[in-house]
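A.B. asks: From just these sequences and the hints, can you work out the full model?
There are 4 protein chains.
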Amino acid sequence: MNTFGHIFKIQIFGESHGDSVGVVIDGCPPGISINEDDFKHDLLRRKSGAKGTTSRKEDDKPQIISGIHNNYSTGAPITILFKNTNTRSSDYNFRNHPRPGHADFVTDKKFISFNDDRGGGHFSGRLTVGLVAAGVIAKKIISDINITAKLTEAGGNTNITDAVDKALKTGDSIGGIIECSVTNVPVGLGEPFFDSVESLISHAIFSIPGVKAIEFGSGFEAAIMKGSEHNDLIINESGTTKTNNAGGINGGITNGNDIFFRVAVKPTSSISLPQETFNFESGKPEKLEIKGRHDTCFALRIPVIIEAVTACVLADLMMIDNTKKYDIQRSKKTGI
Amino acid sequence: MNTFGHIFKIQIFGESHGDSVGVVIDGCPPGISINEDDFKHDLLRRKSGAKGTTSRKEDDKPQIISGIHNNYSTGAPITILFKNTNTRSSDYNFRNHPRPGHADFVTDKKFISFNDDRGGGHFSGRLTVGLVAAGVIAKKIISDINITAKLTEAGGNTNITDAVDKALKTGDSIGGIIECSVTNVPVGLGEPFFDSVESLISHAIFSIPGVKAIEFGSGFEAAIMKGSEHNDLIINESGTTKTNNAGGINGGITNGNDIFFRVAVKPTSSISLPQETFNFESGKPEKLEIKGRHDTCFALRIPVIIEAVTACVLADLMMIDNTKKYDIQRSKKTGI
Amino acid sequence: MNTFGHIFKIQIFGESHGDSVGVVIDGCPPGISINEDDFKHDLLRRKSGAKGTTSRKEDDKPQIISGIHNNYSTGAPITILFKNTNTRSSDYNFRNHPRPGHADFVTDKKFISFNDDRGGGHFSGRLTVGLVAAGVIAKKIISDINITAKLTEAGGNTNITDAVDKALKTGDSIGGIIECSVTNVPVGLGEPFFDSVESLISHAIFSIPGVKAIEFGSGFEAAIMKGSEHNDLIINESGTTKTNNAGGINGGITNGNDIFFRVAVKPTSSISLPQETFNFESGKPEKLEIKGRHDTCFALRIPVIIEAVTACVLADLMMIDNTKKYDIQRSKKTGI
Amino acid sequence: MNTFGHIFKIQIFGESHGDSVGVVIDGCPPGISINEDDFKHDLLRRKSGAKGTTSRKEDDKPQIISGIHNNYSTGAPITILFKNTNTRSSDYNFRNHPRPGHADFVTDKKFISFNDDRGGGHFSGRLTVGLVAAGVIAKKIISDINITAKLTEAGGNTNITDAVDKALKTGDSIGGIIECSVTNVPVGLGEPFFDSVESLISHAIFSIPGVKAIEFGSGFEAAIMKGSEHNDLIINESGTTKTNNAGGINGGITNGNDIFFRVAVKPTSSISLPQETFNFESGKPEKLEIKGRHDTCFALRIPVIIEAVTACVLADLMMIDNTKKYDIQRSKKTGI
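Residue numbers (the working numbering), protein chains in the order written: chain F, 1081 to 1416; chain Z, 1081 to 1416; chain Y, 1081 to 1416; chain X, 1081 to 1416.
In short, the hints are calculated from the structure, not lab data. Fair warning: there could be bad hints in the mix.
Pairs involving identical chains hold if they fit within one copy or between any two copies, as the list cannot separate such chains.
Below, simulated EDC-like cross-link-like pairs (lysine to aspartate or glutamate); rule was C-alpha separation at most 20 Å, straight line [said to hold, decoys possible]:
id: 1; residue 1: Lys1141; residue 2: Asp1118
id: 2; residue 1: Lys1163; residue 2: Asp1099
id: 3; residue 1: Lys1367; residue 2: Glu1317
id: 4; residue 1: Lys1141; residue 2: Asp1099
id: 5; residue 1: Lys1141; residue 2: Asp1117
id: 6; residue 1: Lys1189; residue 2: Glu1317
id: 7; residue 1: Lys1120; residue 2: Glu1138
id: 8; residue 1: Lys1189; residue 2: Asp1338
Quick caveat, the model's predicted, so the values are computed rather than measured.
C.D. replies: Pasting the structure below:
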């Protein structure tokens, strides 16, 4: 249940403070030019380091283990590892007094205390480095399509630097809103019903830790619009619409206009301020102070991850769309 | 790509004006008591008939074709058919001048004009009758869990009757907001990363025609809260939290508190008012008047569908959770 | 677990003495010409009626419920039903004294006695009518490829009529060997490792009731050949080989030579001769005489089913192969 | 397409002469005791070294990268790597004159010459080391079941040492027959139709390079038996049968008797003797002498791999069987 995709399939693995984290990408076509430098830009965007992000520093150097030869994809599964080097597990031990807002309590129950809880173990933002790596490859497959996500608000404020500064000073944390636009999208991606474009994108986006909401096009606003306002009028042969309330998707299928969606990211759960929690050993509430290193606003690091999983969805959909391609020729000849 | 679920799997099929629509449910355990009457209540809730819903009347009588014997599930695939009886296809012919907000344009392109376009064909709310039927069975599998969805706003108004009346008079349409609460949820459902509870529920919800947004717990509001406000404090041994900003889900896993989410449904695309569209034959814009029968506010019919797909997701997750159950005994003996 | 295929996916359902049996085919490309007559030939080949086959007569008329419009596939799921008309359930009641060689005992245990046991219920050769229907459509998708299966031996005898006659007279049953050749196969179908062509074909073939063995190319004979004898020498640019010990498959991938495999079908389990079994009510062994209607040599009816599932596998593989097609152009330009 | 399994899922990756080969195992329950020593025995059985196996020596030390903590499975994906240390790629270069019996020709075509062809690349027996590792874990999950595979014939000879010696002297290669017995199998594993036990086992077995045939129970022999001979008579309440012609499987479901199957492995394709092949550069046939290191009889190394994939299939089926377990209690109460 750690895999995603039908044809372009990703499997992620690893723990925050284990040996490594990584990703296996199955189904990548052969002949895609890929080298280690290609990953740099996006990995850097995900990386901590800016004000408001954790002081844990990982060099995030991708080790390509399989599936790439002479700088081209071979058609076999691509495996990419990222060693964990900068771990400080002594900071962590929350099994008996779980951190509010974290997965400590649920993972202890689900995995009957066998889960690796160092640094959140498998339930860590660290795992998203593999998603970004997969996204780099997916973006190459759908090279004509452009995906751009950016943080437009942090803590309700469009001046993001200010908002982060203020939160840093108080020892508290803030969340944010990320907007994602996809341009130059072909008409017809997406499958009827369960594999609608919204279904697949939301599935992927909600697997990013901390995401709590998504809306496509006019989104929640649509609920208060009239049909006459919300309907996007087609104005030319390419299907361009006058407005884009649908966010580029009708009936779950891309209509050729820009895909647009907004995502809400919650504030980081780990904060420096003391909080109350329940101690499962003593059976009583207690005060908790989280040491460790954490992001004041991890939403800063999410845009590139959103781009990555969106690229994975679209690469998969384009490849699925191709499954029918050879028949088009025949169909055109025989069709009604 | 019309299937959903890992173990409790649903496959829907059919067209709005074809012979029938229906569903195959694979993976239902044997011994679940099911008879035709069990479907009545939920099918009635989905059915048109109230003010603001279409005048197309289908009797929605489920025909159980397989998988149920002597009123119990047998363990073999369950197939349920719903005949289409009340179809008026002459109302429909939009291939050359697609209706704004509809899938007419994209399906014509995607299926190179071979799609059945009568009444929207496969891209019709009619298909959701199969989802509701699957939901009835899923609810029986997770019988200790209660799922309640209701329309809380239509056209931005909490007085829903008024809002619908007003829209009806103008020939326009309105959307709405649906809230869904799930109570008595066990701790530990959901799988790490790609099969987070939010991922699976959103995947299923966005396959319902007309849904454009979803938020869990405090949702978009989370983006403007501080960590100290958003974190839900655990107050007892069961993991009950003081607040429920997480919507009952941490790290993608249920925490035993109520699952809560809100869904935005757009206004019905078909409206009586004349609209502009593009005529692909003449190559020019033209005025379009949609006759047919349609809902003024199809959001009225969505709550039971939301309950149904949520039940399907939870039934699947509970069955997956069981895959590990027999090991718990052994693990407890051998464990650290 | 009643589905098969990645892109061209089939789901079968139904019970031998229930309302109907049928199949849903998801992933069929739009624009394939299909009408009810297209099914006649293959359904007739599967049908009982010849000497040595059961006297149960079903008209096997396919009812196309969805996915086909104006005699072309639409791209939406295709559902085909076959009504059961000629059922005599009173012949059947084997829960307490299971028939030797049948699934009576295992299904009663697996489905904790809730399984529909009339005529074998879901575990019946009747279900294969849906496979044949799916095969008719698959054959159209891979129309350049020819698949031919035939019964070459019955009861160890190449004079099949004689063998059947003899068995009929004694009240016993016989099995047989079916050989299948696939010609005009493109090079390169199949996926590395788990989706090797042999893996997928054998998976599909062993889902046909009564199959107990399969061998590709020289098969079991290969185990006694030397490498210098078994290796097929390539003799021209198309990859034609001098011999075909590999059965057209190297490393799990088609090599362009004919795919060839042989299948062993066991003798029909239901025989007129009295047999011993265990009575689970009395807790004692007892004599059992099976009335009902059954095939003396159901292997007679299997060739067309083998063709059908082989066609489904190849259609799926061709569509998967297409997922990479659009990249070939680019790769050729950029490649090493 | 390099993944296998529904719940207990394995994904293999790597190339013969690349950095490493390995496996990701998703869906392993938490609390299984696993340490590096557990892998030794089975890895050693697979390893080359005996007479008749290649002189390439890999230390086959498993590196556990994720999913195991304090010597117990955590419930997160388990990743195991095996470094390639002893590679001699200069021996290999067969793109233009493919080795008879190898995948050289098909992989070059399928992957449009982008495949890593060093040592067969992804199409190498080296990949099976990951299968064996997965098998070690699967065997622990199904610890009450015993799986034993052994080579019973090589080159048609039951005196295996002799047969290998003789082949070694001539520079030729031989294949063999492997028999596999599974004891203490619960009744009821396997799913109707497509996920029959034979379907899943054969799917997995044919993904092992070099396997060309499989038969269950009396297998090909069944085709010449009469029903009265082939039917296995049930002789007691546990469902024990007098004979085991079915190989422990009826209707695709385990019947509690031993699962038994036989597998044919072809002779190694690489032989020291000169062979003819086609040179795609010159467009002419030519003589080929294969240097490299290879097994005279790689069938010697296959039994443990057969056990491993069989264990993976059965672990998956047992976990799927559990999905229905909690309902049994309820069903028993409410059932007819």
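A.B. asks: Which of the numbered hints are not met once you compare them with the structure shown?
C.D. replies: none
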